[in-house]
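> Since the structure of chain A is provided, determine the placement of chain B on it from the hints.
Residue numbers (my numbering), protein chains in the order written: chain A, 591 to 905; chain B, 591 to 905.
Hints listed in this document are in silico derivations from the structure and should not be mistaken for laboratory results.
A quick note: this is a predicted structure, and the numbers were derived from the prediction, not measured.
Where is the CB? At the ideal position from N, CA and C, for every residue including glycine.
Hints should not be assumed to be uniformly reliable.
[Claimed, not checked] With a Cα cut of at most 25 Å, we get these calculated DMTMM-like pairs of lysine to aspartate or glutamate:
hint, chain 1, residue 1, chain 2, residue 2
1, A, Lys723, A, Asp763
2, B, Lys701, A, Asp822
3, B, Lys624, A, Glu709
4, B, Lys700, B, Asp818
5, B, Lys624, B, Glu882
6, A, Lys701, A, Asp899
7, B, Lys887, B, Asp788
8, A, Lys624, A, Asp899
9, B, Lys887, B, Glu860
10, B, Lys888, B, Glu841
11, B, Lys624, A, Asp899
12, B, Lys879, B, Asp853
13, B, Lys624, B, Glu880
14, A, Lys888, A, Glu860
15, A, Lys701, B, Glu860
16, B, Lys700, A, Asp853
17, B, Lys879, B, Asp761
18, A, Lys701, A, Glu725
19, A, Lys624, B, Asp899
20, B, Lys723, B, Glu661
21, B, Lys701, B, Glu721
22, A, Lys723, A, Glu661
23, B, Lys701, A, Asp899
24, A, Lys888, A, Glu838
25, A, Lys700, B, Glu860
26, B, Lys887, B, Glu757
27, A, Lys624, B, Glu709
28, B, Lys888, B, Glu847
29, B, Lys700, A, Glu860
30, B, Lys887, B, Glu838
31, A, Lys700, B, Asp853
32, B, Lys888, B, Glu860
33, B, Lys701, A, Glu709
34, A, Lys701, B, Glu841
35, A, Lys887, A, Glu850
36, B, Lys723, B, Glu693
37, A, Lys879, A, Asp822
[To be verified] Here are some chain B residues the structure puts well away from chain A; computed CB gaps all over 12 Å:
hint, residue
38, Asp599
39, Tyr631
40, Ser669
There are 2 protein chains.
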Amino acid sequence: MGNLPTREDLTNAMERVRPYVHRTPVMTSSALNKMSGARLYFKCDNFQRMGAFKMRGAINAILSLPTEALERGVATHSSGNFAQAISLAARVLGIRAIVVMPENAPRIKKKAVAGYGGEIVLSGNSPQDREAKLEAVVAETGATFIHPSNDIRVILGNSTATQELIEDVPDLDIVMAPVGGGGLIAGTALAAHYFSPDTRVIGAEPAQADDAYRSLQTGVIQPSINPDTIADGLRTNLGDVNFPIIRELVERIILVEEQEIIDGMRLVWERMKLVVEPSATVTVGAILKEPETFDGKKVGVILCGGNVDTSNLPF
Amino acid sequence: MGNLPTREDLTNAMERVRPYVHRTPVMTSSALNKMSGARLYFKCDNFQRMGAFKMRGAINAILSLPTEALERGVATHSSGNFAQAISLAARVLGIRAIVVMPENAPRIKKKAVAGYGGEIVLSGNSPQDREAKLEAVVAETGATFIHPSNDIRVILGNSTATQELIEDVPDLDIVMAPVGGGGLIAGTALAAHYFSPDTRVIGAEPAQADDAYRSLQTGVIQPSINPDTIADGLRTNLGDVNFPIIRELVERIILVEEQEIIDGMRLVWERMKLVVEPSATVTVGAILKEPETFDGKKVGVILCGGNVDTSNLPF
Chain A
591 MGNLPTREDL
601 TNAMERVRPY
611 VHRTPVMTSS
621 ALNKMSGARL
631 YFKCDNFQRM
641 GAFKMRGAIN
651 AILSLPTEAL
661 ERGVATHSSG
671 NFAQAISLAA
681 RVLGIRAIVV
691 MPENAPRIKK
701 KAVAGYGGEI
711 VLSGNSPQDR
721 EAKLEAVVAE
731 TGATFIHPSN
741 DIRVILGNST
751 ATQELIEDVP
761 DLDIVMAPVG
771 GGGLIAGTAL
781 AAHYFSPDTR
791 VIGAEPAQAD
801 DAYRSLQTGV
811 IQPSINPDTI
821 ADGLRTNLGD
831 VNFPIIRELV
841 ERIILVEEQE
851 IIDGMRLVWE
861 RMKLVVEPSA
871 TVTVGAILKE
881 PETFDGKKVG
891 VILCGGNVDT
901 SNLPF
Chain B
591 MGNLPTREDL
601 TNAMERVRPY
611 VHRTPVMTSS
621 ALNKMSGARL
631 YFKCDNFQRM
641 GAFKMRGAIN
651 AILSLPTEAL
661 ERGVATHSSG
671 NFAQAISLAA
681 RVLGIRAIVV
691 MPENAPRIKK
701 KAVAGYGGEI
711 VLSGNSPQDR
721 EAKLEAVVAE
731 TGATFIHPSN
741 DIRVILGNST
751 ATQELIEDVP
761 DLDIVMAPVG
771 GGGLIAGTAL
781 AAHYFSPDTR
791 VIGAEPAQAD
801 DAYRSLQTGV
811 IQPSINPDTI
821 ADGLRTNLGD
831 VNFPIIRELV
841 ERIILVEEQE
851 IIDGMRLVWE
861 RMKLVVEPSA
871 TVTVGAILKE
881 PETFDGKKVG
891 VILCGGNVDT
901 SNLPF
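Chain A on its own, in the form it takes in the complex (with noise of 0.2 Å):
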């Protein structure tokens, strides 16, 4: 417990990123209540600015930063939610954001980044392609590297999600976030951890995209081997500052497959009236999948985002 940030930590995050983050709404819906057998209450922060959690983050880690540093702007690599989120950050505390880009990323997420007033740098498709021309732009003009994930200013952000949520449903039984690179779990897990502490934390990860689930089964950091997810936010890999918060603080992990993913966001479309991203339905295919879990319990489940393509969808 010795490495875990305190709850100051967190109390700091929340009074920080709050001036700039929209407090979102917890809705419920009585189908998916009597489909599921739970009591569900659904964090929305596919309402959150630019549409998903990362906004949280981004504003803390740029408000984490010394002042010499702001003049010289923030770097990310990011072809998702992240450089949408530091790109909005930066601008909206009026400093520089360089979003390092793959060649090959949609023309809509670069649309969305330049919208927000990040600037786009493109580099080659392979991580090191990205990486070189990340620490290029870095020695280059001064700015701070923040990862999307891997970085405690980030899940501090993170954790404001879930702070909300406890202030908002007391007395959760289980709360639950997706895990794709680690940031948004962790964040759940360390919100939990000193807020609701009988909580427990359940994370679920796409079963074509599982190396959180392998990582926990043997306690090291196993790499993602080809993700291949509809659940576009959720292919990254998890780090080395969220993984071993997660070690201790998330009690498992459930796995979910594609055609789960897409049959519970229909289900969130439909019944509640909501647009979300596949990422932000992967935990309700688990709750779904896993009736003899939940039934009963009182679960706080964090959509994290709302980012889709409307023109690209899988039904």
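Frame of chain A, contents of chain B only:
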């Protein structure tokens, strides 16, 4: 003015439906505010029970019946949201609901009605067939006919959406609702008339189903001729109960083209993360096509429903 329902009729309806409907949230969108130049307040009745405002009118209509009528149940003809609303309202209140639906109604609609416990009676596909079947049902069962939109009890129930909106967001310059059968815009206008008299009421109607627009222009109810719009909830005719209210209290109706409806739908889905049906975004299309009308204004928008077949989207 002598024939308008009274303020007390509206407050009574509010008291009557309150225990049985969700008080739906009001949401805002910085993206849509920026695009429109207005300050938009969306009343999210897509989150209402059964997914549309129709629940309000159905509950109020049933609760307005004398006890002996309750025992014989209610009947309606609808293949849309009112069919689901009357079925669910009747089930909640423990009475029988019979729904006359045309044989060619989509399977998904029949399934939804049956799912809420409505008893489906099939009719031929013409309006004449439908009305003949309804009359036969009423004669046989003694059920009370409740029209989906041209019924003062339904209109008063519908008014509660705008009553809530006005409580939550005072001092609206304009309130907008879509116009189909006229039951929603009539209820909206009544609520504004009594509880926010300085608020102007503007309707939005598909150009391809413009009977209400033509009726307002001529002062006489005009028939709907081959309405052909994606906004399937708005293909119905005005009636003699709601038209006088509309003529007296609605300032004007803006006509909206099909592509504008679809563009509005996509905006609400992608930027607001809300699943809404095309009938709900005719208003958004109207606001974006007439910026001069809405610029700088505080505008309430009734999002009427979110029941949409996600496997059959226009984008």
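> Next, verify each hint and record whether it holds.
We went through each hint and held it up to the structure:
| no. | hint | verdict |
| --- | --- | --- |
| 1 | A/Lys723 - A/Asp763 | 45 Å, violated |
| 2 | B/Lys701 - A/Asp822 | 33 Å, violated |
| 3 | B/Lys624 - A/Glu709 | 22 Å, holds |
| 4 | B/Lys700 - B/Asp818 | 22 Å, holds |
| 5 | B/Lys624 - B/Glu882 | 14 Å, holds |
| 6 | A/Lys701 - A/Asp899 | 13 Å, holds |
| 7 | B/Lys887 - B/Asp788 | 13 Å, holds |
| 8 | A/Lys624 - A/Asp899 | 30 Å, violated |
| 9 | B/Lys887 - B/Glu860 | 23 Å, holds |
| 10 | B/Lys888 - B/Glu841 | 16 Å, holds |
| 11 | B/Lys624 - A/Asp899 | 21 Å, holds |
| 12 | B/Lys879 - B/Asp853 | 11 Å, holds |
| 13 | B/Lys624 - B/Glu880 | 14 Å, holds |
| 14 | A/Lys888 - A/Glu860 | 22 Å, holds |
| 15 | A/Lys701 - B/Glu860 | 14 Å, holds |
| 16 | B/Lys700 - A/Asp853 | 22 Å, holds |
| 17 | B/Lys879 - B/Asp761 | 24 Å, holds |
| 18 | A/Lys701 - A/Glu725 | 24 Å, holds |
| 19 | A/Lys624 - B/Asp899 | 21 Å, holds |
| 20 | B/Lys723 - B/Glu661 | 21 Å, holds |
| 21 | B/Lys701 - B/Glu721 | 22 Å, holds |
| 22 | A/Lys723 - A/Glu661 | 21 Å, holds |
| 23 | B/Lys701 - A/Asp899 | 29 Å, violated |
| 24 | A/Lys888 - A/Glu838 | 23 Å, holds |
| 25 | A/Lys700 - B/Glu860 | 16 Å, holds |
| 26 | B/Lys887 - B/Glu757 | 18 Å, holds |
| 27 | A/Lys624 - B/Glu709 | 22 Å, holds |
| 28 | B/Lys888 - B/Glu847 | 24 Å, holds |
| 29 | B/Lys700 - A/Glu860 | 16 Å, holds |
| 30 | B/Lys887 - B/Glu838 | 23 Å, holds |
| 31 | A/Lys700 - B/Asp853 | 22 Å, holds |
| 32 | B/Lys888 - B/Glu860 | 22 Å, holds |
| 33 | B/Lys701 - A/Glu709 | 50 Å, violated |
| 34 | A/Lys701 - B/Glu841 | 40 Å, violated |
| 35 | A/Lys887 - A/Glu850 | 21 Å, holds |
| 36 | B/Lys723 - B/Glu693 | 12 Å, holds |
| 37 | A/Lys879 - A/Asp822 | 21 Å, holds |
| 38 | Asp599 | 30 Å, holds |
| 39 | Tyr631 | 15 Å, holds |
| 40 | Ser669 | 18 Å, holds |
The structure is inconsistent with the numbered hints 1, 2, 8, 23, 33 and 34, although it conforms to all the rest.
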